[in-house]
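Sequence order for the protein chains is Z, P and C.
Just so you know, we're using the numbering used here here: the first sequence kicks off at 1429 and counts up by one.
Just so you know, we're using the numbering used here here: the second sequence kicks off at 177 and counts up by one.
Just so you know, we're using the numbering used here here: the third sequence kicks off at 377 and counts up by one.
Mixed in with the good hints, there may be bad ones.
Here are the simulated lysine-lysine pairs, BS3-like style, with alpha carbons at most 25 Å apart [unchecked claim]: (1) Lys464(C) - Lys186(P); (2) Lys1493(Z) - Lys464(C); (3) Lys1759(Z) - Lys1829(Z).
Worth flagging that the hints you see were computed from the coordinates, not collected in a lab.
Here the structure is a predicted model, which is why all the values come from computation and not from measurement.
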Amino acid sequence: MPLVRGAIYAVIGFVIGAGISLGITSITGEDSTEPLIVLGYVFAVIGWLMGVGMWRTWGRGWFGKPTENNPGGGWERYIRFNTDHKVIGIQYVVIFVVVFLLAGLLAMLIRVELADAGQNVMTSTNFNTTMSLHGIMMIAVAVAIMMGGFANYVLPLIIGAEDVAFPRVNALSFWVVPPVVVLLLLSPLFGGFDTGWTAYPPLATQTPIGGLLFELAFLTFGISSILGGLNFIATIITQRAPGMTWGRLPIFAWAVLAASVISLTATQWVAYGMLMIIFERIFNMVFFSPPGGNALLYEHVFWFYSHPAVYIMILPAFGAELEIISHFARKPLFAYRWVVRAFGLIVFLSFLVWAHHLFTSGMGDELHGPFMVLTELISIPTGIVFLSALGTLWRSKIRLKVPLLFAVGVVFNFTIGGLTGIFLADVATDIALQDTYFVVAHFHYTIMGGEIFGAFAAGYYWFPKITGRMYNETLGRIHFALMFIFFNITFLAMFIPGTVGMNRRIAEYPPEFEFMNLVTTIASIGLGLAFVPWVYNMLNSWIRGPKAPDNPWDAKTLEWQTSSPPPLENFEEMPTVTGDAYGYGDESVVHSVFGRRKGSAHPPVPAEGD
Amino acid sequence: MHRTLQETLKIGWIVISLLGILTAIEFAIAIVIDDTPWLFTLLLVAALAKAWLIIQYFMHFGQLWGHITDTWYGMILDDPEADREED
Amino acid sequence: MTQHVPQFVNHRFNSLDINRLGLWLFLVSDASFFIALLSSRFFVVGTNTPEHVDQLLGLSLTILLLLSSLSAYKAEAAFEHGDIPGAKNMLLATIGMGILFVFGVGYEWHEAFKHFPPSTGFGTILFTLTGVHVTHVLTGVLTLGFVFFRIRNTTAIGDNQFAVEGAVKWWHFVDVAWVFIYPTLYLIR
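Could you build the full structure based on these sequences and the hints that come with them?
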């Protein structure tokens, strides 16, 4: 059992690390608890990775010994270090669906507390701890469900590759995720952290041990994100099928490439932010506290990652959305090249907008204007993505299946999310709206309404490919209807108290906001219940749904041209790409031909006289 | 492109001499110049030059580009086939 | 009309190309981390550098690291030309200078505790920058040592090529990082 071995090795690692740390602190005579946890955790993660199978499939090779690499097998392959990108994709999806549901329950708890103005079920500190944990768990879901889950499963298939460029690194980037989840779930037992998921110092340096666990978790999660991004970039550059030129690359691959560039470079900044807090905690350094230090440093470093991070979340969702809209509208993707340019522009601009989070933090006034303008500029490329979606749907014969419903839901929700973002990018209105429920509603409209709806679209769209079975269409429609209606009531109702100044991150609030909060709470419970038909549908269809055909959507992209689910190295015969992926309505456009042998670069040469 | 060992080592010695000279210049201007913005700019230029020397000659940055030029060629999003139709 | 099948292929990437690309991407990512480190120096203490900073030590560490980069370069060149003993000598020289560098930083820390401990602004920056860098140096020394033992009995280049090249590139990257850390920590006033 790799998981048991991993857990045992992790305990051994923790003991070793803690022992070293105790040895050091007994010499220097400092407080030993936090260094012990940090060093113990580092060794525990190494032990965990080695135990779970990294040693067998990878580590032995460093010493010239033979490695066991067996990506196949039955259900056991999902619980060990496995290099098959399809297995890793499913591992990511499953673990983050669990995290998503847990964090959703925390959201319910928050809403129950906020149902009336007084204190219901939690003290203020517990409320803030719950809110922070909900925040960081959902952020982790948002970052990884598209990039880790669906991109891992689909990207190599959609570009006609056998696997990603670095399969073992891919497995590594998944297996550092379980420690993250464990740390986050343990943190409430160690006092939790009431800082919000942003963890601003100096408060963050004063939280109990739970806060330290949060910082270690975030740091570890960053490693996963960086390695994932690296892998996708290398995969797209080097592993495309012959003939898959940049101009023929499906839009989902472009979106993943754009998001990977951000996660490769920007994630290092949040790692540094977390490292600074940890250093300040265990070495008494003064990054943030006077004399010398400056708490604004953290906000700059943190948002230099965390603003681009919302594009790590939303770009793959946009890619999946456009992909689905084109295949279900049976029309070529409208303005494909402009969308690609728009993705590029979003990546570029995303690095230049972080300080709009600091408008009320005491940053120099001269920076307000430039960051306001730069932030608002980003609506131009985002608008292009929307025009492409609408232009593709325009006068098309739509096949109104569940994936398309969710994709159109993204268009609707993100429009509201995007338009309310303008008020937050604008300095004058932001000063009034900062830290109110307006921000909360805006953020949930962009990320939940945009990315999570996109992830559900992707989930329904690729479900037949991943499981080989068909989901229940009616239950899917019920899920969409409930989720869409209750989502919109929940978060539209938040804008109103936000606009008149109801602060976020508070357990009690003035009674005049009570009515709208009650509306939000009731709607949010409906939103929570909307996932019940979905969970049932997914589990039931996976186990005994009807067998799905290889290409249930008549889509042209490569992932649908192989069996469902695909064999170990994706294609029985390797594809050669000959035309546009979205050439619907033009019979002469053929996206791909098959018949190339594995490992050979050329398609079979036609016989003389053909 | 295939150099002999002697030629390769010669490049190494030239580069390390340039790096040494640049370091000496850095050290000297840090003593001589008092004006911080000027000092910052000059040090940055010197450091960038040193980094470029190492990246270009020691780390063989060009090697990377030579191999994937064809890849970037398609970056303009046009169909490379169009140009190859002739031959 | 016959289907137009492109004649060019893109399986022109062998594993060496892919590994190189992966390493370079990782270096880009790591460089991003160092940019964050370097910019925090100016945020926390501006351009102030205390009197007690040991300029001679900084200069010696720089020269040491640059020279080790030359020996790493020579090791790679010798290896690619099939001169395994020469490559091993040069690797050993590089590892030796790397260890010397670590001791140099250790001495630096010993002195720094007297004048600017971690609880002061400059101490915070100095310990963080050199600490992160010396971690990179240690990983570099370990990797080079690993390569040194792994190529002991072989003259075939094949599989070993990326091991040597990757370790040496990593070492050069550590050098590039120091090229920026040195003026940031010592020279700027």
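Hints and how they fare:
1. Lys464(C) - Lys186(P): holds (19 Å)
2. Lys1493(Z) - Lys464(C): holds (22 Å)
3. Lys1759(Z) - Lys1829(Z): holds (16 Å)
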